[in-house]
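Chemist: All chains should be built: construct the whole structure from the sequences, respecting the hints.
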Amino acid sequence: MSAGAAAWPPRETLVEGAPSYGKVTREIAAPLERAATPAWWAAFLVAAGALALGVALVAYTMKVGIGTWGLNRTVGWGFDITNFVFWVGIGHAGTLISAILLLLRQPWRTSIARAAEAMTIFAVMCAAVFPLIHMGRPWLAFWMFPYPNTRGSLWVNYRSPLVWDVFAISTYFTVSLLFWYLGMVPDFATMRDRSRGLRQKLYGWLSLGWDGSARTWQRYEKACMLLAGLATPLVVSVHTIVSFDFATSVIPGWHTTIFPPYFVAGAVFSGFAMVMTLLLVTRRVMRLENLITLRHLDYMARVLLTTGLLVAFAYATEVFIAWYSGNRFERFTFWNRGFGPYAWAYWLMVFCNIVVPQMFWFERARRSVPLLFAGAILVNVGMWFERFNIVVISLHRDYLPSSWSVYVPTPVELGILLGSFGLFFTCFLLFVRVAPVVAFHEVKHTLARQREEDHARA
Amino acid sequence: MHALDTHDLAVPHRDPAVVERRRVHALVFDDPARTLEAVKRLRAEGFDVGDVHSPFPVHGMEEALGMRPTRLAWATLIGGLAGGSLKLVFQSWVHIVDWPMNIGGKPHFSLPALVPVTFELTVLVAAFATLGTLFVRRRLYPRPHPERAPRQPHPGVTDDRFVVLVMEHDGAFSPGRFRSVSSALGAQEVIEAWRAPA
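Taken in order, these protein sequences are the chains called P and S.
In this text, residue positions in the first sequence follow our numbering: the first is 1, and each later residue adds one.
In this text, residue positions in the second sequence follow our numbering: the first is 1, and each later residue adds one.
Simulated from the structure, these hints should not be mistaken for laboratory data.
Do not rely on the hints blindly, as some may be mistaken.
Stated by the list, open to error - Okay, the calculated bits of chain S under chain P, using three or more residues with CB under 8 Å as the criterion:
(1) 53-62
(2) 69-79
(3) 115-128
(4) 131-142
(5) 174-186
To be verified - Derived lysine-lysine pairs resembling DSSO-like cross-links, with alpha carbons at most 30 Å apart:
(6) P:K201 <-> P:K222
(7) S:K106 <-> P:K23
(8) S:K40 <-> P:K222
(9) P:K201 <-> P:K23
(10) P:K222 <-> P:K23
Said to hold, decoys possible - Some residues of chain S that are not near chain P, with every Cβ distance over 10 Å (derived):
(11) R23
(12) E37
(13) K40
(14) A44
(15) E45
(16) M101
(17) E147
(18) E189
(19) I191
(20) E192
Note that the structure is a prediction, hence the values are computed from the model and not measured.
Just so you know, even glycine gets a beta-carbon here, dropped at the ideal spot from N, CA and C.
Modeler: Here you go:
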């Protein structure tokens, strides 16, 4: 290869230290085979404690009613819907990494895909909690599904975006779960062949008699591609439909055609920030620095920068269109975002989502763990406030000044938000103890390809 | 090294009468490139390579083994079409026939409003059809004795071993030639095994 046609990105190994295949197996399996560390227990107790608090406060809400929340006649959607949109968005990066990057044949996804998919599953679980408790009578949640009943049958209204949402979220959860499990079948087989006794039986059941036959691999790889092809439009549809909950209404600030792409870009942005946060901790605690390398983090930071710019573009477009429409209600809504009682939330969002990611133009920032961690946390915060701005600020000053009000969350709502983080981290911490956090077979495959390339070069 | 249990050998042939008369030899490798070379060489020498077991898909193995492309995508297509069309029919039936409702004066058959749920069911059923077909056709399901896979020739194939299975046909197999060819392939181990008579 001539110097002028040098490959970009510059060649760098995705698996460091050129380990043997057996070493890859041992390195990934090691955290599952040794007793949990004190750090894991500490994290688990904190997460489980937060989850318990959340469960208790949800139970309290169920007993007393959603009057325990700060909602009022003007602001009917508050923390509950903000948290719902936030958590659904987090999930999207997992699907992007596992499905879209698979279709684009990006080998750098292999070390991080498993953890990102797990994050998707758990984030969607957290998201599903909020519309459920928002209904006030969650024991009737099954009414959202069309089943023959004694009331007519009275079916759901398929022309309502809220029903679309039920189908979108439940399909997304199911397909993500299938995809995640499919990816783990060969890895469970590896664990089966490494363990004894009850563990061997459990991994054996989960691995479905996997034997690594070339015929099975052929169909398996095809199935992965097909599921990725299905998951890619699915992930775009999910946040599009979530945005329809807002965009099909007549509320200024919600009723805009930019919402679907804006929500999808924001979802990927927030999701990548969460993947980054999780992986920075995981690679350190599980000692996987050789597999989740600085190059992986660098690439994720680039995605963060790109999607951050997309989000910034969407913010600018929204404001411009509000002004350009000439509609006084639209104009007022956006003026109120920047200079009303919640201005601090708006400018916090702008700072976290637009200003902070700009540091990732510089390679030094993209490869500095403390800066990456700080950036990822700030983007998480900023994206939570983006949803808060959309939901609450658009509602609190409506068409009639006499009904204007301010929404302040109660401690119960704050506790339930904390509880959802508890649920998320409890699930994630259990996952890293039960399933290989990096896919054995994908890393070995990447390693083999790396060797082939080296061989061709030599 | 692990002893090879001949009862557990992968025997891809469906016809039990043929299977019974076969003996299987296993070549164990530690490198995908050498495995691929071995398969090509063995097939060129006229041996019947029954299957290859590996910890990850080996690039080029499909062609080397002469496998036909999989038809799995048909399952996805059929599942998707079935899921989407049935859901569209059901939604239309609900809103036109079973419980017509006047919603903002819009027509009972409002196709654009039915698109999102139709799309979701297309994806959902297509995904189940793909996975279901894969699991049924490749016989992947939980078994009463899950400690090891019933057709796995070597426990190392989920770790770092690559196993090539050479099938012996009555009369058309020379053990001496097999030995001379296989010794030059760089295998870690050659297990000459007989399928125990029933």
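Chemist: Each of the hints needs a verdict: does it hold here or not?
Modeler: Hint by hint, here is what the structure shows:
1. With 9 residues bearing a CB less than 8 Å from a CB of chain P, the stretch 53-62 of chain S meets the requirement of three and the coverage assertion stands.
2. Under the rule that three or more residues need a Cβ within less than 8 Å of chain P, the assignment of the stretch 69-79 of chain S holds, with 4 such residues.
3. Counting residues of the stretch 115-128 of chain S whose beta-carbon sits less than 8 Å from any beta-carbon of chain P gives 10, enough to reach three: the coverage restraint holds.
4. Here the stretch 131-142 of chain S counts 9 residues with a CB under 8 Å from a CB of chain P, which clears the bar of 3, and the coverage holds.
5. Check result for the stretch 174-186 of chain S against chain P: violated, 0 residues qualifying (beta carbon to beta carbon below 8 Å, three or more required).
6. The straight-line distance between the Cα atoms of K201 (chain P) and K222 (chain P) is roughly 28 Å, inside the 30 Å bound, and the hint therefore holds.
7. Of the pairs offered as hints, the one joining K106 (chain S) and K23 (chain P) is violated, with about 64 Å between alpha carbons and a cut-off of 30 Å exceeded.
8. Proposed proximity of K40 (chain S) and K222 (chain P) is supported: the alpha carbons are some 23 Å apart, at most 30 Å.
9. For the hint linking K201 (chain P) to K23 (chain P), the alpha-carbon distance of about 24 Å falls within 30 Å, and the restraint holds.
10. Proposed proximity of K222 (chain P) and K23 (chain P) is supported: the alpha carbons are some 28 Å apart, at most 30 Å.
11. Every beta carbon of chain P lies more than 10 Å from that of R23 (chain S), the smallest distance being close to 19 Å; the non-interface claim holds.
12. No Cβ of chain P comes within 10 Å of the Cβ of E37 (chain S); the nearest lies about 12 Å off, and the non-interface call holds.
13. Against the 10 Å criterion, K40 (chain S) stays outside the reach of chain P, whose nearest CB is about 13 Å from its own CB.
14. Every beta carbon of chain P lies more than 10 Å from that of A44 (chain S), the smallest distance being close to 18 Å; the non-interface claim holds.
15. The claim that E45 (chain S) is not at the interface with chain P holds, since no C-beta of that chain comes within 10 Å of its own (minimum 19 Å).
16. Separation of M101 (chain S) from chain P is inadequate, the least Cβ-Cβ distance of about 7 Å not exceeding the 10 Å criterion.
17. Remark: the non-interface label on E147 (chain S) conflicts with the geometry, its nearest Cβ contact in chain P lying 5 Å away (cut-off 10 Å).
18. The beta carbon of E189 (chain S) is kept farther than 10 Å from every beta carbon of chain P, the shortest such distance being approximately 15 Å.
19. The claim that I191 (chain S) lies off the interface holds: its Cβ sits roughly 16 Å from the closest Cβ of chain P, which is beyond the 10 Å cut-off.
20. Every Cβ of chain P is farther than 10 Å from the Cβ of E192 (chain S); the closest lies at roughly 21 Å, confirming the non-interface assignment.
Hint violations for this structure: numbers 5, 7, 16 and 17, all remaining hints satisfied.
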